Amino acid sequence: MAASDRRTQTDYLVLAVIPVGIALNVGLGAVVIALRLPIYLDAVGTILVTALMGWRAGIAAGVMSFLLAAVLVSPTYVYFVGTQAAIAVYVYVVCTRLGVLKSVWRVVVAGVGLGIVAGLVSAPVIVLVFGGASGSGRDLLTALLVSSGQQVLKAVALSGAASEPIDKTLQLMLAWSLLRSLPQRVLDRFPNRIGRSGV
Amino acid sequence: MSPGARGVCTVLLIAGAALSVDPRALAVAWLVLALAAASVGLGGVIVRFALVFIAPIALGALLINGLLHAPVPGDQWWSRFAVAAPAAMALSLRIAVIAAAFQLCFLPLIDGGRLITFLRTWRCTGRALVVTLGGVTLVAELKLRTRQVLESRLAQGLGAVTTWGALRQLPFVLLPLTVYMLDAAANRSDLWARRNLVERLERYRPSEAEPGFGAVSAAALVLCLGWLGVALWFR
Amino acid sequence: MSGRAQLGQSVTAVEGENFSGRSELLRLLANAPGTSVQPGHQADERQNAWLGIDAHNYLSGLVQTVGAELELHGIDDSDRRASVRSLLEPVGLSSLLARNPLTLSGGEQVVLALATATLATRDLLAIDCALEQLSPTVRSHALGVLTALGHAGVRTVLADNRLREFRSQVAVASAASLGAPEPRLRPPGLAAARLDDPPAAESIRLDDVTFRYRKGPAVLRGVSFTFEPGQVYFLKGPNGIGKSTLGKLLCGLIKPERGAVLDGHGRALRPWRSPGHTVGYHFQNPDLQLFSTSVAQEFASGGTDVVAAFGLQECLGAHPHDLPFVLRKRVAVAAAFARRRPWLILDEPILGQDDRTALELAAMLSRVAVGACGLIVITHSEWFRTLVHQARILRLTADGLTEEHV
Numbered sequence: 001m002a003a004s005d006r007r008t009q010t011d012y013l014v015l016a017v018i019p020v021g022i023a024l025n026v027g028l029g030a031v032v033i034a035l036r037l038p039i040y041l042d043a044v045g046t047i048l049v050t051a052l053m054g055w056r057a058g059i060a061a062g063v064m065s066f067l068l069a070a071v072l073v074s075p076t077y078v079y080f081v082g083t084q085a086a087i088a089v090y091v092y093v094v095c096t097r098l099g100v101l102k103s104v105w106r107v108v109v110a111g112v113g114l115g116i117v118a119g120l121v122s123a124p125v126i127v128l129v130f131g132g133a134s135g136s137g138r139d140l141l142t143a144l145l146v147s148s149g150q151q152v153l154k155a156v157a158l159s160g161a162a163s164e165p166i167d168k169t170l171q172l173m174l175a176w177s178l179l180r181s182l183p184q185r186v187l188d189r190f191p192n193r194i195g196r197s198g199v
Numbered sequence: 001m002s003p004g005a006r007g008v009c010t011v012l013l014i015a016g017a018a019l020s021v022d023p024r025a026l027a028v029a030w031l032v033l034a035l036a037a038a039s040v041g042l043g044g045v046i047v048r049f050a051l052v053f054i055a056p057i058a059l060g061a062l063l064i065n066g067l068l069h070a071p072v073p074g075d076q077w078w079s080r081f082a083v084a085a086p087a088a089m090a091l092s093l094r095i096a097v098i099a100a101a102f103q104l105c106f107l108p109l110i111d112g113g114r115l116i117t118f119l120r121t122w123r124c125t126g127r128a129l130v131v132t133l134g135g136v137t138l139v140a141e142l143k144l145r146t147r148q149v150l151e152s153r154l155a156q157g158l159g160a161v162t163t164w165g166a167l168r169q170l171p172f173v174l175l176p177l178t179v180y181m182l183d184a185a186a187n188r189s190d191l192w193a194r195r196n197l198v199e200r201l202e203r204y205r206p207s208e209a210e211p212g213f214g215a216v217s218a219a220a221l222v223l224c225l226g227w228l229g230v231a232l233w234f235r
Numbered sequence: 001m002s003g004r005a006q007l008g009q010s011v012t013a014v015e016g017e018n019f020s021g022r023s024e025l026l027r028l029l030a031n032a033p034g035t036s037v038q039p040g041h042q043a044d045e046r047q048n049a050w051l052g053i054d055a056h057n058y059l060s061g062l063v064q065t066v067g068a069e070l071e072l073h074g075i076d077d078s079d080r081r082a083s084v085r086s087l088l089e090p091v092g093l094s095s096l097l098a099r100n101p102l103t104l105s106g107g108e109q110v111v112l113a114l115a116t117a118t119l120a121t122r123d124l125l126a127i128d129c130a131l132e133q134l135s136p137t138v139r140s141h142a143l144g145v146l147t148a149l150g151h152a153g154v155r156t157v158l159a160d161n162r163l164r165e166f167r168s169q170v171a172v173a174s175a176a177s178l179g180a181p182e183p184r185l186r187p188p189g190l191a192a193a194r195l196d197d198p199p200a201a202e203s204i205r206l207d208d209v210t211f212r213y214r215k216g217p218a219v220l221r222g223v224s225f226t227f228e229p230g231q232v233y234f235l236k237g238p239n240g241i242g243k244s245t246l247g248k249l250l251c252g253l254i255k256p257e258r259g260a261v262l263d264g265h266g267r268a269l270r271p272w273r274s275p276g277h278t279v280g281y282h283f284q285n286p287d288l289q290l291f292s293t294s295v296a297q298e299f300a301s302g303g304t305d306v307v308a309a310f311g312l313q314e315c316l317g318a319h320p321h322d323l324p325f326v327l328r329k330r331v332a333v334a335a336a337f338a339r340r341r342p343w344l345i346l347d348e349p350i351l352g353q354d355d356r357t358a359l360e361l362a363a364m365l366s367r368v369a370v371g372a373c374g375l376i377v378i379t380h381s382e383w384f385r386t387l388v389h390q391a392r393i394l395r396l397t398a399d400g401l402t403e404e405h406v
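Residue numbers (the numbering used here), protein chains in the order written: chain A, 1 to 199; chain B, 1 to 235; chain C, 1 to 406.
To be clear, the hints were calculated from the coordinates, so they are not data collected in a lab. Owing to the predicted nature of the structure, the values given are computational and were not obtained by experimental measurement. Errors might be hidden in some of the hints.
[Stated by the list, open to error] When the alpha-carbon atoms are kept at most 25 Å apart in a straight line, the in silico SDA-like pairs for lysine to any residue are as follows: (1) B:Lys-143 <-> C:Glu-257; (2) A:Lys-102 <-> A:Gly-54; (3) B:Lys-143 <-> A:Leu-141; (4) B:Lys-143 <-> B:Gly-165; (5) C:Lys-215 <-> B:Ala-37; (6) C:Lys-215 <-> B:Val-47; (7) C:Lys-255 <-> B:Arg-147; (8) C:Lys-255 <-> C:Gly-237; (9) A:Lys-154 <-> A:Leu-141; (10) A:Lys-154 <-> A:Ala-86; (11) B:Lys-143 <-> A:Lys-154; (12) A:Lys-102 <-> C:Asp-322; (13) A:Lys-154 <-> A:Gly-54; (14) B:Lys-143 <-> C:Gln-313; (15) B:Lys-143 <-> C:Asp-77; (16) B:Lys-143 <-> B:Leu-107.
Put together the whole structure using the sequences plus the hints.
See the structure below:
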């Protein structure tokens, strides 16, 4: 195939893979909400798409999935598109460029880092839009910090940094184990930055 | 409603809600939207959202913002929360109104398949259009395939009938699903390239006629402009 | 490409077994540049359309209705629209334009995919085993339409493992004569003798069973029948009539709206309380039924005899999704056998399998049934039904389930 053909092929591939990330985020997110689980699981698609197609596709998948989730699942998703973008960038830098996905312990550490980043990026949104409340058990921690004299933004950021890592580590581990379990036949069809560096 | 009017009304509703500080005005706006939603069969969605998402946020906001206020000496312990209540209510209702506007705008489009025309009217074309439509279709497809995978496991006596049991199936279910969807995505991209489908989508005009700007659109626009005026007035 | 020159005017079928290079040949032919460019159309190398066995992958995924899918492919401007519309008729799709493609049955999706592929092709349409999922009537009609389109310049080349059932309708060429690449090594075949005895089954009686999906018309209406163990039943019927639904009901995945499922003694069976225990079900699409990262793991809970019986010893270490479709299907069927259910429903077990494998599988089914297990096979292949001695043939129609006596 000519080089221009190959470029066009990748273009189309990006357009076809981003919806997969969208569907995974929306679907998994909806499931945990329906089951009232104390986790989110709404970024697995973003992580997967970033690993397979790069940070631009990852951001597109993350942002689009939250816009769609805002319609199909809960309109509160729309405020957190920035967090999804941050997740895509983090995954790209830490996991693909720095190659930390080589052992389960590195994944856990990367997951904790991801949680902290996500918690920090979401904090201003939660304060501005939701008055510091997230509608989850984390509010109790925020309230505790506020009542001990912390500023509300700092309290939200700290409670996020404390609670998000659990969820994000889980999501990163899930995405990592999925990537490792993909058959070569499928991996071969993607530019596959992570696959090349050996997951 | 015409796609243009639909979009403008949504923007006006959201702007008004963002600017409004009066919980009573916001409550009235939400009720009107809930009634409008009920008239198109979406009342349950709006109310369920309010109960499941807004109520916990309202409680959390009340708690946190109440604690932010120093207790008034000599008053009851709950007085600080009473002071915080209007702001917490306004905040929660604001989110509820914005959410209702968003859902009322888009849900009928997705269910009715009129999404393409709406997106095009609002200049969502080219790659953004493809990804949006692909996402909408794939979300529905993922639901179907998940059910099929769970069924396959059930059919071999491996699954579980309860929801907790289904949750334990997640790792076994996610592998075939992810493989399937990625494989399908690669095939689909090949299909799009081969048949110029992305280019065809640009030229595609749904045969179903879009409603033009009529009485409903005009009435809705007037109401939404009025709402924005009210929000600004009471600021 | 010398192969293309060999192709006749309308429909040519490539003869050959699994792994003889037919798929590769079809891909080569479909990728080759088109030989004719219609005036007014952009010169485009991609003049040819390809349709694989997984027909649901050949729908655009961009629109929500059958009608929109056809419009997207330009049915309104096409000089073939009459032919394409007639293609949709046997499965009723020409009047179901508002249906969401996701809700179509497998056969209906194949027909829709075939219709859009026909619209998309200028010169050559390559079909790789997709027609195996169609009932004989629908397939015959489709071939008729494609033959007629041959006069309008659309050539069809197809590979199909059930070629013997429609040889007279098409021109046949060997893969070698069309320039197929070297055939690959054929994996071991099936060996019925290696299968241990499965557990004994009891009868299952359906008593005036009615079922409908939510808000839909009744799919099964007053169906009554008694399935006796030690038998192989073949279930046949038009695409979309409810064969899979009947299977799901027996398996316990769905509950009847009215009527009862009873055992041999007239006691209520209620399979929906523990689905998949009395009656196992192997679905048509193997890809959603392979849950592990190695073939060996699929048989972790037992079934070494099944592995040997299905000739899977050499792919035990492979990732099931890395295998070609032919073997993925075989692994999925084998995994269903390995669960050792008294009753097993197999939905199109010979999909993608050549005649040699089909013969071996038929021998295996006969052996299993003799051991007092119960088997229900859903298949469109008339030939396959003749291979199992003393099999009973059931026809599902809108009026119910009736036995056909040969």
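Status of the hints after comparison with the structure:
no.: 1; hint: B:Lys-143 <-> C:Glu-257; in the structure: holds, 24 Å
no.: 2; hint: A:Lys-102 <-> A:Gly-54; in the structure: holds, 18 Å
no.: 3; hint: B:Lys-143 <-> A:Leu-141; in the structure: violated, 35 Å
no.: 4; hint: B:Lys-143 <-> B:Gly-165; in the structure: holds, 18 Å
no.: 5; hint: C:Lys-215 <-> B:Ala-37; in the structure: holds, 22 Å
no.: 6; hint: C:Lys-215 <-> B:Val-47; in the structure: holds, 24 Å
no.: 7; hint: C:Lys-255 <-> B:Arg-147; in the structure: holds, 16 Å
no.: 8; hint: C:Lys-255 <-> C:Gly-237; in the structure: holds, 22 Å
no.: 9; hint: A:Lys-154 <-> A:Leu-141; in the structure: holds, 12 Å
no.: 10; hint: A:Lys-154 <-> A:Ala-86; in the structure: holds, 19 Å
no.: 11; hint: B:Lys-143 <-> A:Lys-154; in the structure: violated, 39 Å
no.: 12; hint: A:Lys-102 <-> C:Asp-322; in the structure: holds, 22 Å
no.: 13; hint: A:Lys-154 <-> A:Gly-54; in the structure: violated, 32 Å
no.: 14; hint: B:Lys-143 <-> C:Gln-313; in the structure: violated, 35 Å
no.: 15; hint: B:Lys-143 <-> C:Asp-77; in the structure: violated, 34 Å
no.: 16; hint: B:Lys-143 <-> B:Leu-107; in the structure: holds, 17 Å
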